[in-house]
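K.L.:
Sequence:
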Amino acid sequence: MVVEMKQTVVDGRLMKWLIAAGVNWLEYHKNKINEMNVFPVPDGDTGTNMLLTIRKAYQQVQHMEEKHVGILMEQVARGALTGARGNSGTILSMLLRGFSQELKNKEVIDAPTFARACKRAVDYAYETVESVMEPVEGTILTVAREATDAIKDLPHNEMDLKTLLEQFLAAAQESLQNTPNLLPKLKEAGVVDSGGMGLVTIIQGMKRFIEGEPVVMEADQTSIADDSMDWEAALEPDDEEGYGYDVQFLMLGDNLDVKQVRKDISEMGWSPLVDGDETMIKVHIHVHNPADPLDYAIKSGADLDDIVVENMQAQYLQYVQQRSEREAAVEKKTVEGVAVVTVGRGDGLERLLEEYGAAYVIIGGQTMNPSTEDFMSAIEDLPNSDIILMPNNSNVIMAAEQAASLAENKNVRVVRSKTVQQGIVALIAYMDANDDDAIVDSVKDAMSEAITLVTSVDVTTATRNANIDNVDVAEGQFIGMVNNRLSVSGDDLLDVIVRSFEKAEADDCEIVTVYYGAGKSEADAEALVQALSETYADLEYEIVYGGQPLYPYLISLE
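Every letter in the sequence shown is one number past the one before it in the working numbering, and letter 544, counting from 1, is 544.
Keep in mind that a hint or two might mislead.
[As the list claims (entries may be wrong)] Here are the simulated DSBU-like cross-link-like pairs (lysine-lysine), alpha carbons at most 35 Å apart as the crow flies: (1) 104 - 119; (2) 152 - 104; (3) 162 - 152; (4) 106 - 263; (5) 106 - 152; (6) 263 - 104; (7) 119 - 106; (8) 104 - 207; (9) 185 - 152; (10) 187 - 162; (11) 185 - 207; (12) 119 - 162; (13) 67 - 185; (14) 520 - 503; (15) 162 - 207; (16) 299 - 152; (17) 207 - 119; (18) 263 - 119; (19) 119 - 67; (20) 162 - 67; (21) 185 - 119; (22) 299 - 263; (23) 187 - 207; (24) 299 - 259; (25) 520 - 187; (26) 152 - 119; (27) 418 - 187; (28) 106 - 67; (29) 187 - 152; (30) 263 - 207; (31) 263 - 187; (32) 152 - 207; (33) 162 - 104.
It should be emphasised that the hints constitute simulated quantities derived from the structure, not laboratory data.
Note that this is a predicted model, so its numbers are computed, not measured.
Can you build the whole structure from these sequences, using the hints too?
P.N.:
Written as structure tokens, this is what we have:
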């Protein structure tokens with residue numbers, strides 16, 4: 001869908017679609033934003049928190065057919081306030097609230113109105129934050145302010161909205177890249193501000209929608225993080241008691257005093273963000289004792305709703321462990337000829353990839369996609385001149401190809417493996433093709449040919465309701481992916497696997513390898529094979545421990 005915005009205005013209906021585009025683009029980049037979220041603490045996940053916030057804002061209006069943009073944006077702001085999560089999500093809700101205030105009596109948005117609304121959004125967010133603490137520069141607030149400053153003096157009456165939005169986005173991206181220079185801990189940790197990145201992502205989604213580009217696609221794997229040698233030290237809490245708890249809730253009532261609540265809450269802890277009106281107040285505060293703000297709200301006579309209490313110290317420790325595993329838990333060995341760098345997650349799969357000749361195994365895969373930088377580190381670390389990168393995940397192929405293009409003084413190729421099952425078969429071909437005189441392109445061709453001979457069946461659990469490729473999926477159901485394409489769904493695990501075999505045309509295959517994951521035992525896998533044998537008796541089965549998370553079974557058919 002291409003939206004022509006030159007010499008036009010945005011009404012409520014188009015604004016709703018722009019917000020939906022921002023939601024979709026943020027959803028497909030939230031994991032990358034989550035990885036940036038290391039300041040001041042892993043307070044939940046910034047990408048996820050911002051997504052929950054703006055998704056709630058969109059849900060407030062998704063069934064409305066309101067032409068009046070002011071009326072629509074008032075409801076958007078209301079939804080964002082009720083759905084606000086985390087520091088950045090709460091500030092995002094403040095920006096939306098300020099933006100909507102400027103549009104209160106506006107039926108449509110033109111370029112001058114957009115510029116004024118951005119200014120009001122920034123002013124409102126800064127005023128609200130300043131009422132309880134000194135705003136920190138190098139955050140989402142900075143990105144919003146500098147992007148707004150960049151468009152305030154432009155000739156708005158002579159510009160169309162599309163051009164103005166492009167200028168706003170360009171300035172926001174430039175501001176985002178500069179955030180590490182404003183916050184030393186960001187530079188030490190080797191990241192940009194995650195909240196600012198979330199804001200940029202939302203605006204990118206809107207711009208893509210305007211230009212007719214898709215906003216639902218594979219996650220962007222390019223990295224904008226800088227190198228860091230001491231990220232762990234940068235994350236250590238300053239308080240000897242640790243990071244404490246993140247407490248969030250809604251206060252509901254009549255004649256609520258926002259200013260007094262903001263003052264009282266701010267005295268209880270740190271990072272207070274309090275916003276709302278006389279009927280509903282959103283409270284966000286970091287404390288060592290979560291009972292303090294909750295008791296205060298109850299004693300004030302307000303009704304409480306949507307209470308969230310998160311242990312930030314536990315999240316911090318978990319983040320450090322996971323990042324350490326990702327950056328340090330890498331196995332490498334010396335090989336002759338062509339070296340293979342591959343990706344896998346699960347102790348069984350990692351060992352298997354090593355046994356089949358991988359010189360370097362990057363720990364990662366689903367939910368933990370390696371970056372271009374991870375591949376670059378592996379390339380630089382290996383003494384070999386000829387190297388093959390094998391991503392084993394469709395979301396990682398772009399990162400691998402970018403690393404190959406950036407490699408200097410080495411011959412680096414990419415075998416576009418989309419599953420670990422393909423990767424294992426490719427490594428078997430690699431062992432036959434690699435020797436002292438091997439040519440990297442010949443080895444790559446042999447490995448690429450091998451992956452065409454295997455059909456991958458991945459079984460996992462749906463995280464949300466969806467309809468993809470005419471397959472209806474309900475959150476919590478088992479789903480079967482055949483060669484990375486959603487093929488079947490259902491409540492019974494065995495039934496899903498059997499129907500996945502039908503889609504994979506298992507009757508035409510000879511060998512089945514079942515890799516059972518974390519949470520499944522060898523006995524579980526044997527019972528599965530026994531059940532499959534009743535339908536597919538002519539197949540030869542092999543059971544291998546994979547240990548992969550999230551996917552109870554990864555299956556290859558050859």
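K.L.:
Given the hint that residue 299 pairs with residue 263, test it: the Cα-Cα distance must not exceed 35 Å.
P.N.:
Roughly 16 Å separates the two Cα atoms, so the pair holds.
K.L.:
Within 35 Å, alpha carbon to alpha carbon, are residue 106 and residue 67?
P.N.:
The given pair, whose Cα atoms are some 10 Å apart, holds under the 35 Å limit.
K.L.:
Holds or violated: residue 185 and residue 119, Cα atoms, limit 35 Å.
P.N.:
Distance ~28 Å between residue 185 and residue 119 Cα, so the pair holds.
K.L.:
Does residue 207 lie within 35 Å of residue 187 when you go C-alpha to C-alpha?
P.N.:
29 Å, holds
K.L.:
When you check the alpha-carbon spacing of residue 185 and residue 152, does it fall within 35 Å?
P.N.:
Holds: residue 185 and residue 152 sit about 30 Å apart, inside 35 Å.
K.L.:
Check whether the Cα positions of residue 263 and residue 207 lie no farther apart than 35 Å.
P.N.:
39 Å, violated
K.L.:
Regarding the pair residue 119 and residue 162, is the alpha-carbon distance no greater than 35 Å?
P.N.:
Holds. Residue 119 to residue 162 sits at ~18 Å (cutoff 35 Å).
K.L.:
Are the Cα positions of residue 185 and residue 207 separated by 35 Å at most?
P.N.:
Holds, at roughly 31 Å.
K.L.:
Would you mind confirming whether the straight-line C-alpha gap from residue 187 to residue 152 stays at or under 35 Å?
P.N.:
Judged against 35 Å, a Cα distance of about 29 Å means the pair holds.
K.L.:
Would you check the hint for residue 162 and residue 207, treating anything up to 35 Å between C-alpha atoms as holding?
P.N.:
With a Cα-Cα distance of about 8 Å, the restraint between residue 162 and residue 207 holds, given a limit of 35 Å.
K.L.:
Just to be careful, I want the Cα atoms of residue 119 and residue 106 compared with a cutoff of 35 Å; is the pair within it?
P.N.:
Holds, because 16 Å separates the two Cα atoms, which is no more than 35 Å.
K.L.:
Can you confirm whether the C-alpha distance between residue 207 and residue 119 stays at or below 35 Å?
P.N.:
19 Å, holds
Violated hints, in rising order: 13, 16, 25 and 30; the structure is consistent with all others.
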